[in-house]
Amino acid sequence: MSTIRGRIIIIALLLLGSVWKLLPTHVTQRVPDQLTGRMKDTSVRRVPINLGLDLQGGIHLALEVDQSKGPVADCADAILRAERVVRTRVDEFGTTEPVVQVVGQCRLVVELAGEKDPTRAKQIVMQTAFLEFRITDMKNQFRDALPAIDAALRQAGVKAPAGAPVSAVSQLFGQDTTKKGAAKDTTPDANAPGALSALLFQGQLPGEFLVPEEQVARAESLLARPEVQGTLPRGLELRWGTASEVRNARAYRALYAVENRAIITGEELTKASARRDQLNNHSVVVFDLSRRGSRKFCEETGRHVHDYMAIILDSRVQGQPPIINDQICGTGQIDLQSKPLTEAQDLALVLRAGALPAPLQIVEERTIGPSLGQDSIHDGIRAGVVGVVLVILIMVIYYRLSGVLAVSALSLYVLMTLAGLSMFGFTLTLPGLAGLVLSVGIAVDANVLIFERIREELQHGKTVRLAVDEGFKHAMSAIIDSNVSTALTAFILYLVGTGPVQGFAITLIIGIAASMVTAIFVVRTFYFIWLRRRPDMQTLSV
Amino acid sequence: MIRLFANANYDFIKWRRWAYGLTATIIIPGLILLAVKGLNYSIEFTGGTMLQVETKQAVSTGELRAALDRAGIQGADIETFGADTAYLIRARVGAAATTPSGGTEETATAVRQALTARFGSDTTQFRIVRTEAVGPKVGKELQGKAFLAIFFSFVVTLIYLAIRFEWRFGLAAVLATFHDILTTIAFIRYTNLEVSLVVVGAVLTMVGYSLNDTIIIFDRVRENLRKFRRQNLYEILNLSINETLPRSILTHGTTMAATLALVIFGGEVIRPFALVMTFAIFTGTFSSIYIAAPVLLYIEKRWPGQDARGARAFSGRAPVVNAPSVPPAPTPSGGGRSKAAV
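Those protein sequences? They're chains A and B, same order as listed.
Okay, so the first sequence: first residue is 690 according to our numbering, each after it adds one.
Okay, so the second sequence: first residue is 8 according to our numbering, each after it adds one.
What the hints contain is simulated information worked out from the structure, not anything from laboratory work.
Positions of the beta carbon are idealized from the N, C-alpha and C atoms, including for glycine.
Keep in mind that the hints are not guaranteed to be accurate.
[To be verified] Cut-off 20 Å, straight-line C-alpha distance, at most; resulting in silico cross-link-like pairs (DMTMM-like, lysine to aspartate or glutamate):
1) A:805 <-> B:129
2) A:1162 <-> B:230
3) A:811 <-> A:1003
4) A:805 <-> B:112
5) A:985 <-> A:821
6) B:144 <-> A:755
7) B:234 <-> A:1159
8) A:805 <-> B:61
9) A:811 <-> B:112
10) B:234 <-> A:1145
11) A:828 <-> A:989
12) A:828 <-> A:948
13) A:811 <-> A:772
14) B:147 <-> A:821
15) A:1151 <-> B:230
16) A:960 <-> A:1024
17) B:147 <-> B:201
18) B:63 <-> A:1064
19) A:811 <-> B:230
[What the hints assert, rightly or not] Computed footprint of chain A on chain B, listed as stretches where at least three residues anywhere in the stretch have a Cβ under 8 Å from a Cβ of chain A:
20) 140-146
21) 275-289
Given these sequences and hints, build the entire structure.
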């Protein structure tokens, strides 16, 4: 009888352990702080089962190093460094449990559960955030070189669009007409329009040009040509501005000629925060520099007083380059003009976290809205309840009291499977939920095998006690062989599958283990108790 | 006490050629259709973009298509998803549906913008509840992985059964499972189900389930081979199938209850999975009886030898009529019990 007591204690422990694992507990979650807008840790009371992205909504991104703009030699190393940067960013940007991990050699997987604004989250993850400060082309070297560039393009057979103005650089605002003549003089064939210069209009600042929005693509392709790259003045590079501005009812994009040497880069940043400028209501990002950075910044800005300084983020000039009125040290600010404050906050965040070692590109994206996740949980549970009720009805009607034993073991089975998911920190996905429902149907198989065997043994005229013993004994090999082979298939599914499919495989494996324990051990114990209370039982309700 | 098919004594094996014919009429047209039209792969495998859109008022696919055409996105697949307010918009890589730049990300953004232009940005009017954008490289990788998974599950099963039973049992079980994969692919082709990762998962689960069923019968065959040393394999196979029949009915019944509940109540996303699993119950049961057992008989004929555990050589020549322990119930199939092997 001590064996029975031992068995009951084990079952009670399993039951209590499962229930205890599933009780709502305090779980640390990151939530946005209403006051500061930053993320902070708080503890929330909830059932400790991780829900997959497909159940709670969220974003799954697989990223690789973007090799389209020049190959990256060591992508594995670049991804490792990118992982650190991205992790810092999403930790601060924060969703409940962000996943950032390197998969395979050169791929980074980012999962943000419960995120409602995918575009913004993608921006945070993807932005290279390489910040640099450069002085614009103060000596108008680029403009002076335009005729040479046009000539080079003409030699290469590029024609200016018909009807383009003859002048080298058209004056949009009618100022600064002196240079116009000078440019004309140096042009060998003054009457032919220049292919590139026909697209450019002189801007307000030295080194600033405006390109009509519809010509931007053409200008870009011209600038990428080797003839243009070869004739560009030494020490100069061209950078596009961020947004288009409308002048005289026409949209223009700014193009800046800037020095190819940066005064300082974002690496020297120590702090960055967003705020709203009270004077003009602009969103600004205020930053502090490291000691080394501020010494360098002081020195450089001191040398370039009254020059214009372009703030370049990921190769785009932010706003109009401001004039350096005085030496700037220690701190500075980036003016985002009328952009929303959230954008400034995001920029401050990525600047704090640092730049990515190389630009990333998305190779796979899945976004699931929270409402779809809710629907999935709802449908899954409804299907589960209907399925389980049907299984219970079949078992109880067909096997009567033995069926009741199997069904009560089945409830322990469901509890144990969920507790197993919680204990090992696995994630419950929608296919996993389907797998759980399916496994309830399959879980009774072991009991069916045993009960059928007991029936056979009884039919052969064995006593109840012997039939039960024999039934369990003979059904065992079939139960083990069939379950192990199913578990092996599920294990392969786990190894090879990704995301939701892995969740399904895990649920199936845990389910198989739990069903073997409940069907063999628990139901056996029920029979022990039953037979002990009724030792003289002649017929078995099976 | 309810007892279904207790003491059944059907001559299953006798009908094997009819069964081969039946399954061939399912598989062969399915495979021809497959060769002609291919499978309806999801964008996870082909690479591409998929958006699930829910609108407040019912709109027609034509309206959605017009909205996308205006944005220059041509040839996207648009279909309803359960209700006429839910739509799936798909653009596969390589199809004409992608934007000029061809990137899956750009296509997703373009579709989003096109829909915003049509419905306005008010999220009560329409919202995008699901977006998937998969680059062609990832799609190729996943395709490779899916085939790898099925292949490995075969190898591992073969090894496990070879250890637990004997190689001939393993081969018969794997052939039966292979048959199940063919019928399931034919089923997927007939119903034009979309082959997604989850459906591949269902096919693999089907492999596990069908093997499970085959093993239950083989386990009984193994036991009966030891018990009735004088009967030939033909009779032992029939006996074993008949003895496990009540279990098969019950287990398939409960599993069917679960999968049908998923088909009816589980929602659109999980329905393909549940449909494949429901079909799997039929094909798994069929193949355990009509493929695995006859194939075992055939293999034994070709390569006679010691059976599992060396219980005895099971190549009985002349069938023993009136075998001692066979339940003497009448055979409904006409008493063709004297036929020996294949």
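Here is what the structure says about each hint:
1. A:805 <-> B:129: With a Cα-Cα distance of about 15 Å, the restraint between residue 805 (chain A) and residue 129 (chain B) holds, given a limit of 20 Å.
2. A:1162 <-> B:230: holds (13 Å)
3. A:811 <-> A:1003: holds (16 Å)
4. A:805 <-> B:112: holds (18 Å)
5. A:985 <-> A:821: Between residue 985 (chain A) and residue 821 (chain A) the Cα gap is close to 13 Å, so the pair holds against 20 Å.
6. B:144 <-> A:755: holds (13 Å)
7. B:234 <-> A:1159: Holds, because 15 Å separates the two Cα atoms, which is no more than 20 Å.
8. A:805 <-> B:61: holds (16 Å)
9. A:811 <-> B:112: holds (11 Å)
10. B:234 <-> A:1145: holds (15 Å)
11. A:828 <-> A:989: With Cα atoms ~17 Å apart, residue 828 (chain A) and residue 989 (chain A) stay inside 20 Å; holds.
12. A:828 <-> A:948: Since the Cα atoms of residue 828 (chain A) and residue 948 (chain A) sit roughly 11 Å apart, the hinted pair holds (cutoff 20 Å).
13. A:811 <-> A:772: This hinted pair holds, its Cα atoms lying about 15 Å apart.
14. B:147 <-> A:821: violated (39 Å)
15. A:1151 <-> B:230: holds (19 Å)
16. A:960 <-> A:1024: holds (16 Å)
17. B:147 <-> B:201: Between residue 147 (chain B) and residue 201 (chain B) the Cα gap is close to 17 Å, so the pair holds against 20 Å.
18. B:63 <-> A:1064: holds (16 Å)
19. A:811 <-> B:230: Violated, at about 61 Å.
20. 140-146: Held - the region 140-146 of chain B has 5 residues with a Cβ nearer than 8 Å to chain A, which meets the minimum of three.
21. 275-289: holds (count 5)
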